[in-house]
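A.B. asks: These protein sequences, in sequence, are chains Z and H. Take numbering that gives the first Met the number 0: the last position of the first sequence gets the number 78, and nothing is skipped along the way. Take numbering that gives the first Met the number 0: the last position of the second sequence gets the number 168, and nothing is skipped along the way.
Treat the hints loosely; a few may be bogus.
To be verified - The calculated lysine-lysine pairs, modelled on DSBU-like cross-linking and capped at a C-alpha distance of 30 Å, are: (1) H:Lys140 - H:Lys151; (2) H:Lys81 - Z:Lys30; (3) H:Lys124 - H:Lys97; (4) H:Lys151 - Z:Lys30; (5) H:Lys1 - Z:Lys30; (6) H:Lys97 - Z:Lys30; (7) H:Lys151 - H:Lys124.
Said to hold, decoys possible - Now the in silico label distances, taken between C-beta atoms and shown as ranges: (8) Z:Phe58 - H:Gly66: 28 to 38 Å; (9) H:Ala29 - Z:Arg34: 20 to 30 Å; (10) Z:Ser50 - H:Pro152: 22 to 32 Å; (11) H:Lys1 - Z:Arg61: 45 to 55 Å; (12) Z:Arg65 - H:Asp100: 39 to 49 Å; (13) Z:Phe58 - H:Val28: 46 to 56 Å.
For the record, the hints were derived by calculation from the structure and aren't laboratory data. Computed from a predicted model, the values in this text were never measured in an experiment. Every residue, glycine too, gets a C-beta built ideally from N, C-alpha and C.
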Amino acid sequence: MTKSRTVSLVLSAPLAALLLAGCSSVEPWVKPYEREHLADPIMSFDRDPVSSTYLDHVFEVREGARGATGGVGGGCGCN
Amino acid sequence: MKRNMIRTGALLLALNLTAAFPAAANSIVAGATAPAFQLSSAGGGALSLADLKGQVVLINFWASWCGPCRQEMPVLEQLYKKYKAGGFTLLGVNVEPKSADAASFLQSTPVSFPIVFDADSHVSKLYEVSGMPSTVIVDRKGTVRYVHHGYKPGEESEYLDQIRTLMRE
Chain Z
0 MTKSRTVSLV
10 LSAPLAALLL
20 AGCSSVEPWV
30 KPYEREHLAD
40 PIMSFDRDPV
50 SSTYLDHVFE
60 VREGARGATG
70 GVGGGCGCN
Chain H
0 MKRNMIRTGA
10 LLLALNLTAA
20 FPAAANSIVA
30 GATAPAFQLS
40 SAGGGALSLA
50 DLKGQVVLIN
60 FWASWCGPCR
70 QEMPVLEQLY
80 KKYKAGGFTL
90 LGVNVEPKSA
100 DAASFLQSTP
110 VSFPIVFDAD
120 SHVSKLYEVS
130 GMPSTVIVDR
140 KGTVRYVHHG
150 YKPGEESEYL
160 DQIRTLMRE
């Protein structure tokens, strides 16, 4: 196979898997009693959820008009 | 190219369909016979579910890394002390591979009900534990009657009602 065909096949296979599997099963499904390492505080998204909520809010207020958080926000002629 | 994609797609579909079962969050159903097991206990020696037949058994799957499990322990201890005399027993199944963490938790929060260690998770699989903590209440005949997933403070009143119902039988 040529390189471009390999690349496109490698890229399309997970995409096909996603499309075909949908939401039926999440793999690998970590059993609740195996989540010891996931429960470690270092594995949480926020070190301090209160602080990050606040900072996210500040960021949204400051940059939201220009679409910072991905939503359509602001009303100053945004496209 | 297209043939390869179709073949890959068909294979992935087959794999995903067969893989769907482990992820399905089914758990042990009320009315089923409680699967028998034998595990090594914290006090040394082995403890099996068959030893406890004739009593109402509350099997609690817990781990020291799980916050609600730690919250639940003193509550279960109170429950055990209160109803121990009436034919009720509590069995704490610790699901951690490293039992040392559980042992150190038990030193700081000692409990008087039997604790067993399920380090290789075969009992957790047997009981299809799909939440931490999980509580399975088994009646005197060895039939699973109530299953609880998770713990929120205040749920112990449900446990009390259910245990009293089963103890009256």
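A.B. asks: Compare the structure with the hints numbered earlier in the document and write down the numbers of the violated ones, lowest to highest.
C.D. replies: Hint check: 2, 5 fail, others pass.
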